[in-house]
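*Asks:* Residue strings, one per chain:
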Amino acid sequence: MEPLSNKRKVLDFKPLNLLERSYLPEIAKGLTITMKHFFKKDVTIRYPEQKREFSENFRGQHSLKRDEDGKERCTACGLCALSCPAEAITMTAAERQPGEENLYREEKYAAVYEINMLRCIFCGLCEEACPKEAIYLDGDIVPTDFLRKDFIYGKDKLVEPPLNK
Amino acid sequence: MSTFYFIAFLSIFFSLLVIFAKNPVHSVLYLILTFFTFTIHYILLNAQFLAVVNFIVYMGAIMVLFLFVMMLLNLNKETEPGKHYLAKLAGVIAGGCLLVTLVGSLKAYKVSAPVVLQDPGLGLVKNLGKVLFSEFLLPFEISSVLLLSAMVGAVLLAKKEPKATA
Amino acid sequence: MELLDIGIKFILIVVIFLISLVVAMYSTYAERKLAAFFQDRVGPNRAGPGGMFQPLADGMKMFMKEEIIPTQASGLLFIVGPSLAIMTACIGSAVIPWGQAITIGSRVIPLQVTDINVGILYIFGVVSLGVYGIMIGGWASNNKYSLLGAIRAASQNISYEISMGLSIIALLMVTGTLSLKEITEQQHGWHWNILRQPLGFIIFIVCAFAETNRSPFDLPECETELVGGYHTEYSSMKLGFYLFAEYINMFISSAVMATLYWGGYNYPGMDWMAAHVGPIIAPLIGVAVMFAKVFAFIFFFMWVRWTIPRFRYDQLMNLGWKTLIPLAILNIVLTGLFITFL
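Chains as they are written, first to last, in the working numbering: chain A, 135 to 299; chain B, 209 to 374; chain C, 1499 to 1840.
Read the hints as simulated data drawn from the structure, not as lab findings. Incorrect hints may appear among the rest.
20 Å max Cα-Cα, derived SDA-like pairs, lysine to any residue [what the hints assert, rightly or not]: (1) C/1820 - B/366; (2) C/1642 - B/232; (3) B/230 - C/1578; (4) A/242 - A/273; (5) B/368 - C/1816; (6) A/174 - C/1542; (7) B/367 - C/1657.
Quick caveat: nothing in here was measured; it's all calculated off a predicted structure.
Only chain A is shown next, with the shape it has when bound in the complex (with noise of 0.2 Å):
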């Protein structure tokens, strides 16, 4: 029958001769190579010294962002909650006070902001629903701990530092 294709090789085994019996020059070959690999630079990035770049697209730790005044942005809408879909985002509104001015962009902030990391999948849809550029992911890795509790993040780990003026 002609071959479908003609990808098909025919291998011919040939009995080994005595030299290839004998194992010993493959096994020195084997052991160039090896003694090749002794001498190559080694390829690992020592981890907590050392951190490989990531790439553009990475969603770490969110963060809750400041506009160029240094007030939060955060409105406190729920949208960013209504879109998650781990439901790891919870969220308190208060009405702004006279006087609080440069602290809140908006009449409304976010008294109490929570983000539960152990349900957060990272997906990003918090960032896409945000309509005032307040939250993004772009943070590092989320660090490990010992208590469930300690995973929740309020907005003392979540809003960015003060500008320094």
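Chain A is fixed; fit chains B and C onto it per the hints.
*Replies:* Then chains B and C, alone, in the frame of chain A:
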């Protein structure tokens, strides 16, 4: 001398344990210890070569094979074959014979003069080799033929039966 | 004076024992580090500078672990197994000459614990005894994987002991003595036995790999088939003893190979050295040379381990019985012809 008595006591003690141990593997282990005391006996007699050969061949090779087989067989109470009364009878007769021999040899017991070696280096490799290859050449070679025949026999037994059609 | 001699011997024994232990300890570190280098990795680097204290940390961990003796295990033998394994590994070093005798004043201090005139056979006996530790431990665990590992170890050791012995016989035909000290002294300068027994050395080193249960012949602890091999049921320091015994065995067999075939403490130009640096420093340089050779062999053991995959069991047996034994006998015949006609 006291070393000899101590080691001799250990030899007899361990060989008794070989018989009395319930578990065949323990038996073999006691037998190894017995052989080890024999090695010490050889050293006390200044026969270094014999001691080391006893150590390597008996303790290191033959007993390993014994142990090997015992472990593979996994002998225990359930697999123990029933003791036929004929076997018991044979055991009684054999034991009686042994007793008679022991009593006979004890009756002939008397303190002999201690043997003094003319050449204390007799057990060393060089002297032993010279004796083996000059005085005892014929028995030595005959025993090697005996070993060869045993080896051929073992190979024949291990070989598979040729097929009926061939 | 008698007492002083005993004291010196005692110190020598303690020093050699400690060296064996330290070398074995750092062999574990070297193994991990070398494995890493062969695979373009870094290896342990957290404990101390460059991971130097890793063996200590490992040792601590081993000591702290819970000691488990299975209820169905045979109690005393379960403990005897690892003890025997490490004991037989340690006593092999007694007959190895580590260097020439040091002369201080009128006193001559030999750097060898004892020079018995059946030195090689003694090493052989110790090696053959070593398998009992594995067998007893494997059987006493009352676990089928342990038992299979033990049985593999036993049959493997017995098979390779034969060709090892035959390769040594050819060596003995050349040297004419069983004493390791005399064998070393015959190889003065560069007259190493490897030049006279190349085939014998190849057979010997293959057998040494099999006897120490090192890869590619580490069938007794083959994880893919036997879970953990003969030490499946062991934990804590008893497991540590088994692992340790393997490394000590490797050290001792490297020392034996260096002594028998690679001239021991001899090196070209040693007479010049002895004439120029005095009777204390020159033997110490010899000791350094000896250790350099030993470490080279240990490196080779590890190098092979991270290069060659494990043999299949029937391949192992075929190699032992159908290749190495005929080769060793051929080597004896060739050596005999060589001695007779040249």
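*Asks:* With reference to the structure, classify each hint as holding or not holding.
*Replies:* Do the hints match the structure? See the list:
no., hint, in the structure
1, C/1820 - B/366, "15 Å, holds"
2, C/1642 - B/232, "18 Å, holds"
3, B/230 - C/1578, "19 Å, holds"
4, A/242 - A/273, "26 Å, violated"
5, B/368 - C/1816, "17 Å, holds"
6, A/174 - C/1542, "18 Å, holds"
7, B/367 - C/1657, "18 Å, holds"
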